[in-house]
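For the protein sequence lines, the chains are A and B, in the order given. Counting in the working numbering, the first sequence runs from 1 upward without gaps. Counting in the working numbering, the second sequence runs from 1 upward without gaps.
Hints may be right or wrong, so weigh each one.
Residues from chain B that keep clear of chain A, each with C-beta distances beyond 10 angstroms, as calculated [unchecked claim]:
1) V77
2) S111
3) T184
The calculated label-pair distances, taken between Cβ atoms and stated as ranges, are [to be verified]:
4) B:R113 - A:Q5: 23 to 33 angstroms
5) B:A128 - A:R3: 13 to 23 angstroms
6) A:L154 - B:Q82: 26 to 36 angstroms
7) B:H119 - A:G161: 52 to 62 angstroms
8) B:T59 - A:R3: 45 to 55 angstroms
9) B:Q245 - A:N230: 30 to 40 angstroms
10) B:T59 - A:V324: 48 to 58 angstroms
11) A:V324 - B:H167: 21 to 31 angstroms
12) B:H119 - A:F188: 47 to 57 angstroms
Examples of chain B residues lying across from chain A (beta carbon under 8 angstroms, computed) [as the list claims (entries may be wrong)]:
13) M48
14) F50
15) P52
16) T55
17) R71
18) D88
19) L98
20) A102
21) Y172
Don't read these hints as lab results, they were simulated from the structure. Heads up, the beta-carbon is just placed ideally off N, CA and C, and yes, glycines get one too.
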Amino acid sequence: MSRRQLFWAGAFGSLLLSLLLNLSVGAGAIGPGTVFDAIFRFDPETYEHFVVLYQRVPRALIALQVGATMACAGAVLQGLTRNPLAAPATLGISAGATVAVLIGVYLFDLGMQAQGLSALAGGLLGFLCCLAVARLVARSRDPRGLTLILSGALVSMLLFGIANALLLSDPSRRTDFLAWVTGNINHFYADRLAMFWWIGALALLLLLILARPLTLITIGAEKAAAAGVNVPVVTGAALIAVAFAASSSVAICGPVAFIGLVVPHIVRPFVGGAFGLILPAAAVTGAVVCLLADLFARTAFAPYLLHTGLVMDLLGGAVFILIVKRRYLTARTRRPA
Amino acid sequence: MLEATDVTASYGDAPILHGLTTGFAAGRLTALIGPNGCGKSTFLKTVMGFMPQSTGSITLDGIPIETMGRRSLARRVAYLPQESYCPDYLALGELIELAGYARYSLLGGPSARDRQLFHDALDIVGLADLVHRPVSELSGGQRQRAWIAMVLAQDAELILMDEPVNHLDMKYQYAVLELIRDLTVRHGKTIVAVLHDLNLTAAFADDVVMLRDGRVEAAGPVRDTVTRANVERVFDFQADIFSHQGRLVCLPFGSSPAPAAE
């Protein structure tokens, strides 16, 4: 078996395993047989069936959605910007979507559907702000490197500041969004998943269709254009898809950070540099990471629950440091390409 | 096959090409030479449509290039930029497969003929054994040949190359240029290559187009065009040009006074 086949077997194996673990492990352990029954032969009288179908299944589905969309969004952003630190959370998309939802809720009393639209617009705006700041700072139309990441950090801090100010401004409703704002995989958000899941799914489908021209663009805009790619159209469509995918997942359960940053680095050594393989691999791996993070958040300090977003922040922070150390702080041992 | 008439192009306020007019014959290797900043690379970029501020007409077999879409242009013209970047982990085979993009349908991939073409392209540059190797792990010379293979795999009749032997040592410069000349001789390609070295130009090119300040100063077959007078006029630089064992040799004097002419 080649390294690549081994990876796919491992990825799908761990997806099934983590899904099963996620559904059966919890405050009360529920055997795989009962989980199966709850899904396929649901009995409303059985408490365990109820827990599985109305609490654990929604959580697992949210973890799948968030993991897949964020990981793919990060992979595309890292490829297009050629920046190993690019991700929805580092380029202002997550912060933009978060603050847009909170502005909608606290200032305009928007319903859930309108919050989703607001998140999409906010994510896109957050990303454009990050690009604008980076262009101003770098005095270049095509800023890359740490400038882009620092601009993203700046924009995100500013936007999260606004988000926190909004939360603090309304003590009576603060609790509704206090958990959401840190990124929280929870069955409360099942309605949001039901309403917004298709946005992420469509965006990922579009990215998959664009996989080949996107891979060409990672080699260089002129090279891609010379090979027949309409670079502005493909880049624009992909960035909008990325912003919408990430923002829709923020609209569901808040800004779960760092999946988009970490997962592409995990999968590339195994599946190579072509998006046709990176995207499915990132989707599966992102889902596994989210399922496991959710499991950890629920069980590690039981009976206390951690927010999955906090677990991801801890995990992602460590990986962020590793990447910065390897790519930016150590002498370059890699040959320039 | 490629005709440029009165082409101008500029970067912002800085004009680079000032009414450049020249033509490139099919099946030949034409070297584009001239001092730094004379517009060699800019001319290739203008042909590819990368210079938004350009005027004049560029036609390919009589068809204006600006009327051809990206995909149809890519089926006829391939371009190798000066600097090439390859993301980590992208395997040589994956890179070559991308070259056929202009022939694929939206969801389709390479046909059997494409696959044969890719194999042949790698074979020609001598990298067929390294299909699964990441491009970033290849040596400098191998990588340059990989980019040439990618250009070949695009299966275009006209290939534009911007300094294809830069960053290569002497041995690879000769190896790569031999390979490039072979593409015209054995595979019927038309190649326009920006070169810096007059000796390499003299050794490999059929024709030469000499640029200075965005205009064509001299053009024609190498032996008639690479002359002492032309080199001095174009490069502001004195050199002795003579034939040695049947090969044209360019021996620079720099700015010191030249010894008696041949």
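Verification of the hints:
With a least CB separation of 8 angstroms from chain A, V77 of chain B falls inside the 10 angstroms interface cut-off, contrary to its annotation. With a least CB separation of 14 angstroms from chain A, S111 of chain B remains clear of the 10 angstroms interface cut-off, as annotated. With a least CB separation of 19 angstroms from chain A, T184 of chain B remains clear of the 10 angstroms interface cut-off, as annotated. Between R113 of chain B and Q5 of chain A the C-beta distance comes to about 28 angstroms, which sits within the given range of 23 to 33 angstroms.
Between A128 of chain B and R3 of chain A, the C-beta spacing of about 21 angstroms keeps the proposed range 13 to 23 angstroms intact. Between L154 of chain A and Q82 of chain B the beta carbon distance is about 34 angstroms. The supplied range of 26 to 36 angstroms therefore holds. For the pair H119 of chain B and G161 of chain A, the beta carbons lie near 57 angstroms from each other, so the given range of 52 to 62 angstroms is met. The hint said 45 to 55 angstroms for the Cβ distance between T59 of chain B and R3 of chain A, and at roughly 49 angstroms that hint holds.
Between Q245 of chain B and N230 of chain A the Cβ separation comes to about 51 angstroms, which falls outside the hinted range of 30 to 40 angstroms. Look at T59 of chain B against V324 of chain A: about 51 angstroms separates their beta carbons, and that is inside 48 to 58 angstroms. For V324 of chain A paired with H167 of chain B, a C-beta distance near 29 angstroms keeps the hint of 21 to 31 angstroms intact. At about 56 angstroms, the CB distance of H119 of chain B to F188 of chain A agrees with the hint of 47 to 57 angstroms.
A least Cβ separation of about 6 angstroms between M48 of chain B and chain A falls short of the 8 angstroms threshold, and the interface hint therefore holds. For F50 of chain B, the suggested interface contact is upheld, since its CB lies about 6 angstroms from the closest CB of chain A, less than 8 angstroms. The beta carbon of P52 of chain B comes no nearer than 12 angstroms to any beta carbon in chain A, farther than 8 angstroms, and the hint placing it at the interface is violated. Taking 8 angstroms as the C-beta contact cut-off toward chain A, the hint placing T55 of chain B at the interface is violated, the least distance being around 20 angstroms.
Of the supplied interface hints, the one on R71 of chain B holds, with its beta-carbon coming within about 4 angstroms of a beta-carbon of chain A, less than 8 angstroms. This hint holds: D88 of chain B has a C-beta 6 angstroms from the nearest C-beta of chain A, less than the 8 angstroms allowed. For L98 of chain B, the interface hint holds, since its Cβ comes within 8 angstroms of a Cβ in chain A; the closest pair sits about 5 angstroms apart. Taking 8 angstroms as the C-beta contact cut-off toward chain A, the hint placing A102 of chain B at the interface holds, the least distance being around 3 angstroms.
A distance limit of 8 angstroms between C-beta atoms decides the matter here; for Y172 of chain B the minimum to chain A is near 15 angstroms, and the interface restraint is violated.
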